[in-house]
Each structure stands twice: as C-alpha cells, then as structure tokens.
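As you go down the protein sequences, you meet chains A and B in turn. Sequential numbering from 1 applies to the first sequence in this note's numbering. Sequential numbering from 1001 applies to the second sequence in this note's numbering.
Mixed in with the good hints there might be a few duds.
Coverage of chain B stretches by chain A, computed from C-beta distances (three or more under 8 Å per stretch; other residues unrestricted) [claimed, not checked]: (1) 1047 to 1055; (2) 1058 to 1065; (3) 1104 to 1114; (4) 1126 to 1135; (5) 1201 to 1208.
DEER-style ranges, computed between Cβ atoms [what the hints assert, rightly or not]: (6) A210/A to A1092/B: 33 to 43 Å; (7) R136/A to A1112/B: 18 to 28 Å; (8) D6/A to A1112/B: 56 to 66 Å.
Source of the hints: derived by calculation from the structure; they are not laboratory data. Virtual Cβ for every residue (Gly too), placed ideally from N, Cα, C.
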Amino acid sequence: MGYTLDFSVVWHAMPALLWGCVGTLGLALAGMTLAMVIGVAGVAARDSKAAWLRAIVIGFVEVVRNTPFLVQIFFLFFALPLIGLKLNPTATAIIALGVNGGAYAIEIIRGGVQSIHKGQVEAGYALGLHKGQVFRFIVLKPALRAIYPSLTGQFIMLTLTSSICSAVSAYELTSVAQRIESDTFRSFEVYFSVTFLYLAISWLLMLGFAAISHRFFSYPTR
Amino acid sequence: MRKGEKIVLCGPSGSGKSTLIRCINRLEAIEQGSIVVNGHRLDDSIKAIDVVRQDVGMVFQSFNLFPHMTVLQNCMLAPIRARRIGKTEAEATARKYLERVRIGDQAEKYPAQLSGGQQQRVAIARALCMQPKVMLFDEPTSALDPEMVKEVLDTMIGLANDGMTMICVTHEMGFARQVADRVIFMAEGQIIEEGEPEAFFRNPQHARTRQFLGEILAHH
Ligand SMILES: Nc1ncnc2c1ncn2[C@@H]1O[C@H](COP(=O)(O)OP(=O)(O)OP(=O)(O)O)[C@@H](O)[C@H]1O
Ligand SMILES: [Mg+2]
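Start from the sequences, fold in the hints, and give me the full structure.
Right under this line is the structure:
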C-alpha cells in the first residue's frame, strides 16, 4: 500500500501554521521574561541573610528541576483554579514556562555570580555601595556575560518545551499542527514541516540573542 | 592618626597589614578593640559602616575596576548611587580627578584597554571622587610591571603633597622615605616598631625589623 506525499495541505494550512509560530514565539518570549525575573530575583534571594528565603529558593529549584514539565503545567492548570486563579490556557502556559525556566535560570545565573572575583564586590563596598547596589550595578552584568551561552541555550530549550503546552491547548505551533493533522490525516507532511518551522524559530532567536550580546556584553576584557 | 598624616605600613607576608587596613572600612570584621574614623566609632551597625565607608577611600593591589563600565562610569557610579549627587556634578567631579591623575584623555575607554599603571591611577581617581577624608592603599604597586610603578607612586606623592591623609601598605621604601610621617613595621599580627622614616631606616630598634629591612633592600 503506497503512501503518496501531498504537501498541498501544508501549503493551504501555511497561514495557520505561521500564526502558530507567532503563538510559540509569544509564549517563549513571555516565558523567558518571566524566567529572567525569577532567575535574577532568585539568585539575589538565594544569598539573602534570611534563612527561610534561601530555603524557599533551594526547595523551589529542587522541585522544579526534578519533576516533568508536563506534570508541572497540568498541576498549574488544575491547581490554580482551586485557589481562585482562573487563567486561560495561554496565560497558564506562560507561567509554567517562566517558572520552569526560572528554576534553571537561577542555577545558571548563580554560577555566573560565583565566577565574579570577590575584589569586585569589595571595591563596591569600599566605595560605600550597599549589598543590593553591588549586585545590581557591579556583579550582575559581568555575571550574565559569563553564562550567556548557557542561559540562551536554556532559553532555546524553553522555546522548544513550549510545544508541550499544547497539552492544555495553549495557542502555539504544535497545537495548530495537531488540529491540521486531525482535519487532514496528513501526519507526516504536517510534522515534517513543523520540524522546519521550529528550526527556523530557534535560528531566529539565536540571531536575537547574538544581537543582544553585541549590544550589552561586547565590552573588552583581557 | 592625625589629619594629613601619612603612614606607611610594612612587614613580611602574612603579618596582617591588609587585615589591619581592611578593618578600617570594615571589609574585615573586628574581633577586638575599636576603630574611630573621623569621630565615628565603627561598630557592627549598618549605619556606622556606611558613614565610615563614605569617609574612607581604598585602592587595591588588583585595581578592581569594573570591567563593564568605562573609566568615567567607574568614577561616577558611587557618587551617584551612594552619595546621591546629580549626574552632571558627578561627571564634572570624575573628570576633575581623572585630570588630576593625568588620565583625563582615557575617560571613555574600558579598563581592559588600559595598562596596569593607568588602571591603578583610575582606581585612585575613582576613590577620590567620593571625596574621602582618608585614603587606604594596599600594595598599590605590587601587581605592576616595574616601568609602571613610578607613575602610580608619583600620583600618590602628588596626593600626599596636597595634604591627603593616607595609610599605605607598601614595600616601596623610597616612597616611604619621601612622604611618610611615620613608618610602622608589623609581624605576626602585631606592631613591632614604628618611627619617623629617617630613624626607622637608619637605626631600627628590633632585630626582626633589621632582618626585614635587610631582605627588602637586598631585593631592590
Ligand atoms: N591581628 C590579627 N588578628 C586576626 N587575624 C590576623 C591578624 N593579623 C593577621 N591575621 C591573619 O593572618 C592572615 C594574613 O594576613 P594579611 O593578609 O593581612 O597579611 P599581609 O600582611 O597583608 O600579607 P601580604 O603581604 O601577603 O599581603 C589573614 O588570614 C589574617 O586573618
Ligand atoms: Mg596583603
């Protein structure tokens, strides 16, 4: 029984697929932003004087990094309404991606912070700056520069992970693809094309990351 | 220590020179005794530490310039964030002190683009921008190539001649002779001997001091 390839369905569905790409990019960018906020705040809290705050951060990282993303997003999807937070699937997906990415970002950024020479911190204190100011103005940028490749790699991961958000039918590329597939039964053609669309999304993001690096992290070092 | 006084601290490695001056701006915790800076007693309160750090400038052996900021930004950060002065005023002050350490033309460069001697002069200017009452130097020339030592020492001599109160950890005995009011010799965490430079170098009282000076002079 021969299977004849027919990419015309993909061609007809291209506008929908491209909108799916936009959905994926939107989820990814919003998720990265949230992950970045959680990452930086988490690193600051991880070195706080308050033991309970450090414990919360350690516990958070431990739980998130050792449980599956699919379970995390189901948990949020069904648990948040129980505490009175009714969110649509896309908002839930953004929170799940941000929380998951944030836990990894904490570990990565923390590595960057630890790579900063302690003389930098002492110079800041000697100039009369406070702990928070030293972190924000002296440590953060060189720390981010040091771990930029791992952090952006993690963010590409986050983007690809967003396909799992189709499980709660968030609006993104994989859920669009599933719909087209079930309408047309052209599984191979659809997922073959979607593979390339994800590749294109990843490349686009890498270009963006390179531009950001050029803009903010290109100061000379020895 | 008097206002305007210049003290040179010397002693073998591990004798506690860095520890002593780092206690003055509380980079190191104090175990015993007390330190009073410009009338403010240094205790563990954040407020006391703040007040004292505003009055005390420090220059490190390893420069510790901020690599992601230009020379000018290095000099403006603390005045803006800690002293809360305006940007325009901070820039004017920064340019004035950069001029004074004769590096005004490098203001827009990044630290990595400067030589060691230039970086250390920027570090001195950066500390001066906070208008400190005392300047602490922890072996400011020992990470430098020999040909750059002089430019930094000359900057420090200029500062001394302008009346700055200074404590310098250094083994540059020529510098000590030229500017110090007092030379203090430390070993094993204790002050062993102190005196005016002429007397200190010509006629050291303790065997430990004589041995140390012998080693230092043999090296130079
Ligand atoms: N008076 C003191 N009280 C407590 N600890 C001290 C004292 N003096 C020295 N130490 C300890 O000795 C060690 C070396 O001291 P420090 O780094 O200040 O020496 P140094 O004279 O600056 O040496 P170097 O010339 O190598 O820079 C430190 O770990 C410090 O804690
Ligand atoms: Mg030392």
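Of the hints given before, which are not true for this structure?
5
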